[in-house]
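Use the sequences and the hints to build the structure in full.
So the sequence lines, in the order shown, correspond to chains X, G and D. As numbered in the numbering used here, residues 9 to 310 make up the first sequence, in order. As numbered in the numbering used here, residues 29 to 356 make up the second sequence, in order. As numbered in the numbering used here, residues 3 to 359 make up the third sequence, in order.
No wet-lab data here; the hints were simulated from the structure. No residue lacks a Cβ here, since even glycine has one placed at the ideal position from N, Cα and C. Be careful, since some hints might not be right.
Unchecked claim - If you want the footprint, here are the derived chain G segments under chain D, 3+ residues with CB under 8 Å:
| hint | segment |
| --- | --- |
| 1 | 185 to 199 |
| 2 | 218 to 226 |
| 3 | 244 to 256 |
| 4 | 270 to 279 |
Claimed, not checked - Pair by pair, the computed Cβ-Cβ distance ranges are:
| hint | chain 1 | residue 1 | chain 2 | residue 2 | range |
| --- | --- | --- | --- | --- | --- |
| 5 | G | T339 | D | D162 | 36 to 46 Å |
| 6 | G | E274 | D | A97 | 52 to 62 Å |
| 7 | D | T43 | G | E274 | 49 to 59 Å |
| 8 | D | A97 | X | L216 | 21 to 31 Å |
| 9 | X | D307 | D | S101 | 40 to 50 Å |
| 10 | G | A214 | X | I159 | 41 to 51 Å |
| 11 | D | R284 | G | T339 | 16 to 26 Å |
| 12 | G | L329 | X | L60 | 56 to 66 Å |
| 13 | D | V35 | G | A116 | 44 to 54 Å |
| 14 | D | G105 | G | E274 | 49 to 59 Å |
| 15 | G | E355 | D | V35 | 56 to 66 Å |
| 16 | D | N165 | G | E274 | 34 to 44 Å |
| 17 | D | A88 | G | T213 | 34 to 44 Å |
| 18 | G | S58 | D | K36 | 48 to 58 Å |
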Amino acid sequence: MVSKTDNTVIVVDPAEALRRARQGRGYWRRVWERLRGDWGTLSVIGIILLILLAAAFAPFVATHDPMQGSILGRLKGFGYNGHILGTDETGRDLFSRIVFGARLSLITGVLPVLFALVIGGFLGVVAGYFRGFPNSVIMRGVDVLYAFPSILLAIAITGMLGSGLTNTILALTITFIPPLVRISETVTSQVRSLDFVEAARSSGARPLTIIRFHILNNMLGPVLVYTTSLISISIILAAGLSFLGLGVTPPDAEWGLMLNNLRSAIWVNPVIAALPGVMIFITSMCFNLMSDGLRQAMDVRL
Amino acid sequence: MSQDSILSVDNLSVRFRTHEGIVHAVNGVSFDLAQGEVLGILGESGSGKSVTLRAIIGLLPREYASIGGRVRFGGREIQHLSNEELNAIRGARIAMIFQEPMVAFDPVFTVGDQIAETIVRHDGASWRDAMRRARDLLELVQIPSAKRRLAAYPHEMSGGMQQRAMIALALSCNPQLLLADEPTTALDVTVQIQIILLLRELQRELGMSVIFVTHDVGVATEISDRLAVMYAGRFVETGPAVDVIEQPRHPYTDGLLSSTVLSARQGHRLNAIPGAPPDLMALPDACSFAPRCRYAEEQCLSGVPALSPITRDHATRCLRVGEGRLEL
Amino acid sequence: MVTTTITDAVPGMTAVEQQPLLVVRDLRKHFAVKGGFLGRTQAVVQAVDNVTFDVMKGETLGIVGESGCGKSTTARVIMHLIEPDAGEVIFDGQAVGHSDGIGYRELYRNVQMVFQDSYSSLNPRLPIALSVAFGPMVHGMLRGAALERAASVLGQVGLDSANFANRYSHELSGGQRQRVNIARALALEPKLILLDEAVSSLDKSIEAQVLNLLFDLKREFDLTYIFISHDLNVVRYISDRVLVMYLGKVAEIGSVEAVYTNPQHPYTQALLSSMPSMDPRRRTEQAPLTGDPPNPINPPSGCRFRTRCPFAEDICAGTPPRLTSRPEHGISQQVACHMHDPSSGHSRAMATEAARP
Chain X
9 MVSKTDNTVI VVDPAEALRR ARQGRGYWRR VWERLRGDWG TLSVIGIILL
59 ILLAAAFAPF VATHDPMQGS ILGRLKGFGY NGHILGTDET GRDLFSRIVF
109 GARLSLITGV LPVLFALVIG GFLGVVAGYF RGFPNSVIMR GVDVLYAFPS
159 ILLAIAITGM LGSGLTNTIL ALTITFIPPL VRISETVTSQ VRSLDFVEAA
209 RSSGARPLTI IRFHILNNML GPVLVYTTSL ISISIILAAG LSFLGLGVTP
259 PDAEWGLMLN NLRSAIWVNP VIAALPGVMI FITSMCFNLM SDGLRQAMDV
309 RL
Chain G
29 MSQDSILSVD NLSVRFRTHE GIVHAVNGVS FDLAQGEVLG ILGESGSGKS
79 VTLRAIIGLL PREYASIGGR VRFGGREIQH LSNEELNAIR GARIAMIFQE
129 PMVAFDPVFT VGDQIAETIV RHDGASWRDA MRRARDLLEL VQIPSAKRRL
179 AAYPHEMSGG MQQRAMIALA LSCNPQLLLA DEPTTALDVT VQIQIILLLR
229 ELQRELGMSV IFVTHDVGVA TEISDRLAVM YAGRFVETGP AVDVIEQPRH
279 PYTDGLLSST VLSARQGHRL NAIPGAPPDL MALPDACSFA PRCRYAEEQC
329 LSGVPALSPI TRDHATRCLR VGEGRLEL
Chain D
3 MVTTTITDAV PGMTAVEQQP LLVVRDLRKH FAVKGGFLGR TQAVVQAVDN
53 VTFDVMKGET LGIVGESGCG KSTTARVIMH LIEPDAGEVI FDGQAVGHSD
103 GIGYRELYRN VQMVFQDSYS SLNPRLPIAL SVAFGPMVHG MLRGAALERA
153 ASVLGQVGLD SANFANRYSH ELSGGQRQRV NIARALALEP KLILLDEAVS
203 SLDKSIEAQV LNLLFDLKRE FDLTYIFISH DLNVVRYISD RVLVMYLGKV
253 AEIGSVEAVY TNPQHPYTQA LLSSMPSMDP RRRTEQAPLT GDPPNPINPP
303 SGCRFRTRCP FAEDICAGTP PRLTSRPEHG ISQQVACHMH DPSSGHSRAM
353 ATEAARP
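What follows is the structure, encoded as structure tokens:
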């Protein structure tokens, strides 16, 4: 038995330090510790949670029926007759519509990104790990999709499939696959070239085991950071599609659609007309700021 | 401070502020460097040898590093100089060479242009004169077909040639003091010896003073007149190279020399120093080598020992050796 | 009588069983350098070119050479991390990757590798115990048992598992990380360990500790080492035999005593006299070689060292020298140099031939 350790560390409280050292501080714990001190990011995450909660419990949060219009009370300002944020062009309560609209806006913002993460992540890992032929096939395919600007691609797909929630999600998913394949491929091939993957290969492990044990946990951080930054783009794109009449159809509440409908009211009551736009701005901004905060906490360089 | 010293460092200390705490990188380094002298600073990573060198030339970022003590060069205190004055001294009177030659060169200009530009900036020479001197310098550092190499870009040269070109750049304004930060570490052994011999020859011919930082005992032996062994940000032993190598008077130097495998016999375990260097964020107020020292005693833990002379110019920062109670 | 001749032939290896554990035959790996339009092959790096050697059971074979000489590629090709172009690797009498030999999985159970960069060779997201346990788990051990094995090998490399098992690599010093890497290699109970510059990035005082560890482990577990390094002093200390590589080819191979005290190849001679002197009273006065090693892309024809060799003649440009042993050197030393091949036609080969009684 060889008993030579080279750990002569001078500490204040040996017992406490030993306890800490034995535990070991894993990556996610260090990320959390860094995040805990970052008040800006924490408050941004707080706002996002607030919006999520409001959307989830929309029937309880909303003060009025979002579909109930009123001929007399159209485009009224804040506080009119109990309508906190006023009413829209058909006299429906704007606050309630924004709360219900959050549901669709978040669904069209988050779901396509999640789907694209699963599909793009899988393709990216395959391309990055196996290189050679699979890489060529996947990456050239992605290049073709990349040739179109993302908004045009989304418009073209919904234009082809027709409007509606499912098709919006489908179109946006296809739009987000290429960037996610590319980032996953880049990160995977970076990780793959590190010595610990060579070491794992030289212990006789099969590719699937190596990907599970050594690739996924190392690529997750950077890919996650990038993914959260895509959510804000997705929200804006979905709103844009609805605005153009290619996304969610009336009378459903969705921020982009609401913005379109209120467009003509810009001369009557500009504050009310801008409200859905403000919500789109705040939400996508928050996702963007959260992404930046996570990037710092995870110490990721993209 | 003696009459002919061109550089005088007095109680130099460097602290880095980091998120985790304050790193005590250099903790009271003092020495005088004579005209034409080669001082080798020998130490392991984290010993503060490179930081010392950068503090002398004022290369440490002021927002992270706080520097204490005094550095006098040519009768002027470096830390009181403005950035412009510092820039005038850097490159002209003090030059530095690095482990990685590519940091000294801009990849988009030819080697000749960059050397000539330095000459024009510091000496105000004409471009044509500067180019001629650049060619002479490349010949001086023994680059074959120097004239052709003037038009080469840094990446077109091999590692050894880049190192020579960087030395030429450093010498372009006849510096009085050359600071060398591990300039041979990244080189192959057959090239390393060529660069060492070149530096030795240039130093003799030009009468420069040199501070040569290295972790390699052999390299330090080849180049140095005087040696300073550094540990945890302090000089623990200083003296003429011959004395330090042949008769180390600090347990760390002794351990370092006996753990270089040359002295070891095949088929026997090495005489290794146990443990690891101390945490520079929490240095004890004691001999920083004591936790690894086999000769340590109670007294070693009561305060940092002074660098005390044993002979006229051989000094050690060991209490027991200094008081004559220990023979190594 | 017979025994004495054998022991004489291979000095310093008397107690060792004389059977090759690993045989490397005519191993070759050329890399294509692609560039230009549509990535056409523009040049070829002959990283490993017909390298042949044996590693005896229980010995340490050192491989030295400058950067770009192909020593690390050789290790990676043996481990099949890089697919060889040609040649064979025979482990313990069985050809690797042949239908009648052993598979790579079987090879990996017996041969393990330790890399130079202690940091990048540990997964930063896994506690070190799991990094060490990974190998046994791959070979079918259950997680719990594998973690127990990890704890015991961590102890064997001097890392008390109660203190270290749950730590992550960034919480360890360079020396400790390299111990973990050695533990990871040991966890599969290999017979042979390839150490690729395993101590090169460590500080001298830590390097000495790790070398001592390797020394102890070798004794305890009857290991065989291939020790790859650019540090000639370390290789001399740890090796029984040494192989000198130059630009993808074997220049000289022999026992450490023979090669270090009586180098035959002009390159080995130059390499050894390029080592910095450890004696301040006797410094090196002249560099044995001028210039840098040539680029391994399109190396010189014939003998690859001829462009830097003071004895180069026409024959050296024409034909590559074969690795030959001279009777007086016994089987312990082989050199690839025309001067040591009496039939080569090199003038110095003739001269020595004539001068011999």
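Cross-check of the supplied hints:
1. Counting residues of the segment 185 to 199 of chain G whose CB falls under 8 Å from any CB of chain D gives 4; the rule of at least 3 is met.
2. Taking a C-beta to C-beta cut-off of 8 Å, the segment 218 to 226 of chain G contributes 7 residues in contact with chain D, enough for the three needed, and the coverage statement holds.
3. Using a Cβ-Cβ cut-off of 8 Å, 7 residues of the segment 244 to 256 of chain G lie near chain D, which meets the minimum of three, so the contact claim holds.
4. Counting residues of the segment 270 to 279 of chain G whose C-beta sits closer than 8 Å to any C-beta of chain D gives 3, which meets the bar of three, so the coverage hint holds.
5. At about 44 Å, the beta-carbon gap between T339(G) and D162(D) stays in the expected band of 36 to 46 Å.
6. The supplied range of 52 to 62 Å is met by E274(G) and A97(D), whose beta-carbon atoms lie about 54 Å from each other.
7. About 56 Å separates the C-beta atoms of T43(D) and E274(G), a value consistent with the hinted range of 49 to 59 Å.
8. A hinted range of 21 to 31 Å holds for the C-beta pair A97(D) and L216(X), which are about 28 Å apart.
9. The supplied range of 40 to 50 Å is met by D307(X) and S101(D), whose beta-carbon atoms lie about 49 Å from each other.
10. As the Cβ distance of A214(G) to I159(X) is approximately 49 Å, the hint placing it in 41 to 51 Å holds.
11. With their beta carbons about 22 Å apart, R284(D) and T339(G) fall inside the hinted range of 16 to 26 Å.
12. At about 58 Å, the CB distance of L329(G) to L60(X) agrees with the hint of 56 to 66 Å.
13. At about 45 Å, the beta-carbon gap between V35(D) and A116(G) stays in the expected band of 44 to 54 Å.
14. Against the hinted window of 49 to 59 Å, the Cβ-Cβ separation of G105(D) and E274(G) comes to about 56 Å, which satisfies the hint.
15. Checked against the hint of 56 to 66 Å, the C-beta distance between E355(G) and V35(D) comes to roughly 59 Å, which is consistent with it.
16. Evaluation of the 34 to 44 Å hint for N165(D) and E274(G) yields a pass: the beta carbon distance comes to about 41 Å.
17. A beta carbon spacing of about 36 Å between A88(D) and T213(G) agrees with the range 34 to 44 Å that was offered as a hint.
18. Checked against the hint of 48 to 58 Å, the C-beta distance between S58(G) and K36(D) comes to roughly 56 Å, which is consistent with it.
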